[in-house]
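Listed here are the chains, written in short residue letters.
Protein chains: 2
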Amino acid sequence: VLTCGLSIPDPGQREALMQLEASMQTGGQVVLTDAERQLDALLFKMKQEETARTDFPPAMHFFRARDLIRTSPIFGLLQKMPKGGALHVHDFSMVDAEWLVKNATYRPHCYMCCTDSRSVRFIFSSQQPKPLPRCSSWVLLENLRDKMINATDLDNSILRNLTLFTDQDPEAVYPSQDEVWDRFEDKFLALWGLVTYALVFRDYYYQGLTQFYTDNVMYLELRALLPEVYELDGSTHNRVWALKTYQDITRQFMATHSGFFGTRIIVTIHRGVNASVMTEAVEEAMKLKKDFPDFMAGFDMVGREDRGRPLWYFRDALSLPVESGLPLPFFFHAGETDLEGTEVDQNLLDALLLNTSRIGHGFALLHHPVAKDLSRKRGVAVEVCPISNQVLKLVKDLRNHPAAVLMSENHPVVISSDDPGMFGTSGLSYDFYEAFVGLGGIKSHIGSLKQLAMNSIRYSSLTSEQQNKAMAEWQRRWNKFVSENVF
Amino acid sequence: VLTCGLSIPDPGQREALMQLEASMQTGGQVVLTDAERQLDALLFKMKQEETARTDFPPAMHFFRARDLIRTSPIFGLLQKMPKGGALHVHDFSMVDAEWLVKNATYRPHCYMCCTDSRSVRFIFSSQQPKPLPRCSSWVLLENLRDKMINATDLDNSILRNLTLFTDQDPEAVYPSQDEVWDRFEDKFLALWGLVTYALVFRDYYYQGLTQFYTDNVMYLELRALLPEVYELDGSTHNRVWALKTYQDITRQFMATHSGFFGTRIIVTIHRGVNASVMTEAVEEAMKLKKDFPDFMAGFDMVGREDRGRPLWYFRDALSLPVESGLPLPFFFHAGETDLEGTEVDQNLLDALLLNTSRIGHGFALLHHPVAKDLSRKRGVAVEVCPISNQVLKLVKDLRNHPAAVLMSENHPVVISSDDPGMFGTSGLSYDFYEAFVGLGGIKSHIGSLKQLAMNSIRYSSLTSEQQNKAMAEWQRRWNKFVSENVF
Ligand SMILES: [Zn+2]
Ligand SMILES: [Zn+2]
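Those protein sequences? They're chains A and B, same order as listed.
Using our numbering, read the first sequence as starting at 1 and increasing by one per residue.
Using our numbering, read the second sequence as starting at 488 and increasing by one per residue.
Warning: the hint list may mix true and false statements.
[As the list claims (entries may be wrong)] With a cut-off of at most 30 Å between alpha-carbon atoms, the simulated DSBU-like pairs for lysine-lysine come out as follows:
| hint | chain 1 | residue 1 | chain 2 | residue 2 |
| --- | --- | --- | --- | --- |
| 1 | A | Lys396 | B | Lys883 |
| 2 | B | Lys774 | A | Lys443 |
| 3 | B | Lys930 | A | Lys396 |
| 4 | B | Lys883 | A | Lys443 |
| 5 | B | Lys731 | B | Lys774 |
Hint data in this document are derived by calculation from the structure and do not stem from the laboratory.
Computed from a predicted model, the values in this text were never measured in an experiment.
The whole structure should be built from the sequences, with the hints applied where relevant.
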């Protein structure tokens, strides 16, 4: 098929090559039902209209594009679509920041102080908390709001400290990768005191499940730091408590939300630590995995790769599970960089050599043909988070995102949202929109969406038995979605 | 080599995989001499320093980065480096716009008028020219300048009309692809009256050869419109005259510039024409190829792909050479688009089906695994013009340019400059800088540069005998370059 001599191009051969190429993409071999084909025709029409616009959302910064996407009929459909699982989401960015402001900061005993770098910190306490270094004195928000005629300005200014999303010019607010990462990490510090308070910790997670469930996501693999959680009197709970709490709330949520398949936890640690702290963390994770074999999926590191130590630096710690026969699956962030050829850029290969189960981001994968080949052959899926990569300034126009290439080749990929609360998204639909319209271009279709959803089950950490159950439930919901949306 | 079991990563195996990957890139299998290795160590050090800067030039718009690049020691070396041939350059953008202002517009009989869209038009004439529609009355520049104390402002304003380069914020001046293409095409109209005047036509081309030669480029394949060239009295010359003139001047230039290997012409026509005009153009090109078999290389179309007709629309015209047995090699621009899945996006496959000898840009090639495979297997090189793609807004950060991936896989590529005069570059060195530092990252090395230069001979339209001669001359100059720059 791939040769053609010196002759007038044969339209039949051309058609065959075009079909061959179309069949190679994500979803290119999915067999469609009549109803799916009808829905696809509708989607194709919508996408053509969307592509003809001068303000094409995937070419724009998401912060500018969000309102356009919200009103897009494709987005409306994607919200209703059963998307399977969200496999790359972080614990303290599951929920939109508005919820934190309107719910968490309105609870009693919530104190706030302003840092000298114009950020904020929070703490819940039954008595006046001890002052923080480089922070104003603590103010009880209840008292502060009582003195105001209207708390809107205060609430808005709190909101700005809890999310990267802004309605100002995002290029001006975040001019560089360094700048946006600094702000990103500072905003995590700001919300830390809110979300690690035991009552909020529980409700935040429950609210997160609700938002994903509402967005028609049926399963979560949550990267969780399992921090020390505190009570009003200053007493604290350990990591086991946090994990146990997630497990309890998940069960409680599943009992009242039909079709929700659950959550599994990927325990994370910041990559800024040294080798001995990492060794302890891995040992602790091995123990947690032993004690929560079903609920805990595995282990990962968080924080900016370019600034942290490479995986290879931690190789001794990361070899402990295999050496000691206590298996601990890895789900490494790797290749979330555009620094080609540096030590950090080796993380992709090293993640694979360390038998990672999936690759978080893998933005640099195309620059590494050996790693790419390994990822494909071993079925190590790449967790693609388009909006995250754009907001964190790895790529401007999402049509240039490397996952567009991965999708052209049906490389194993899943779509996820990384930190929806930080990026002003919710659930998975915004990232599915960018993947379907931006990465996929005109050529991706209902089969692509179907396969992306199925990939999220197929490449999850669930056992094959669980996967079969989840897939059956997903298929039931998918059929319902298709039949309800074919007009 | 590509498998590794569940075990502690073996540093030896890791090293082997890293080496394998390094060997797969452009230049990865080039065997280096001791002197080359020494020069490479120097280059590596320079590149590490360059990469550590916060204002990393390949991540910036070229218009902002140009001064940084100019003072870069890597750039200094690249200027001296024998780069082989420039295989993708357009006739009326070979020379910097300053030359047009300072030389062409200062010649006698040069009239200028201002269009109502605030652009300018020029004509040389022995008498007052007839007025142009939508243009002010013609002013003789000689007279205008005589009346001024200082012509600097006038010259600067003319300059701004002849190049896209600007020292203002390029994102603000050219906010969208549509906008930058409109300005691009208008600036061509502005310089048209200058460069199609017979005396300027000759000197412009000679100056172009001089600038490429000075930049250590030894050979050119020039995409040329072969326009109607006019004399002071309004009489005109046809395409044969233009081609003949290029040939004469090339010979004259070669006689006085040792080691310059010549120019071959790729005749071009604007893709905006209809099928019957295209048929005539192809027929004329076939005749020219017969009459100038050595000097003329082949045929191509110019103008923005997204706005023009796709290659497939012209398939009958483009099949004429094969049908009639009068061979006409094609060098099609294809895939200079980010509109994935449109008709225009099929140009890549169609160019290959029409047996193109090379692909101009191929920016979308990674989205087309079948076309990519064909291009690789048939040795159809991609002409990569990084600065052009950035200025015309296909990609912002050049580290995300798809040719970074092509170079990771040693896909057949050559580096070229497309329209140096329009983009504020000169010769090939700026684009080599972006390719070496931006696309190649830390991992590209002296072997990559060597192979890129050799590719430009290997994938030229020269016969193998000519290629061997050119390669020998290039090697002689290369050895000299290496020995002179190892300190
Ligand atoms: Zn993440
Ligand atoms: Zn071109």
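Cross-check of the supplied hints:
For the suggested pair Lys396/A and Lys883/B, the alpha carbons sit about 7 Å apart, so the restraint of at most 30 Å is met. With a C-alpha separation of about 40 Å, the suggested pair Lys774/B and Lys443/A falls outside the 30 Å cut-off, and the hint is violated. Distance hint between Lys930/B and Lys396/A is fulfilled; the C-alpha atoms sit about 24 Å from each other, no more than 30 Å. Restraint check for Lys883/B and Lys443/A: satisfied, since their Cα atoms lie roughly 24 Å apart, inside the 30 Å limit.
Of the supplied pair hints, the one linking Lys731/B and Lys774/B holds, its CA atoms being roughly 14 Å apart against a limit of 30 Å.
The earlier numbered hint that this structure contradicts is number 2, and it is the only one.
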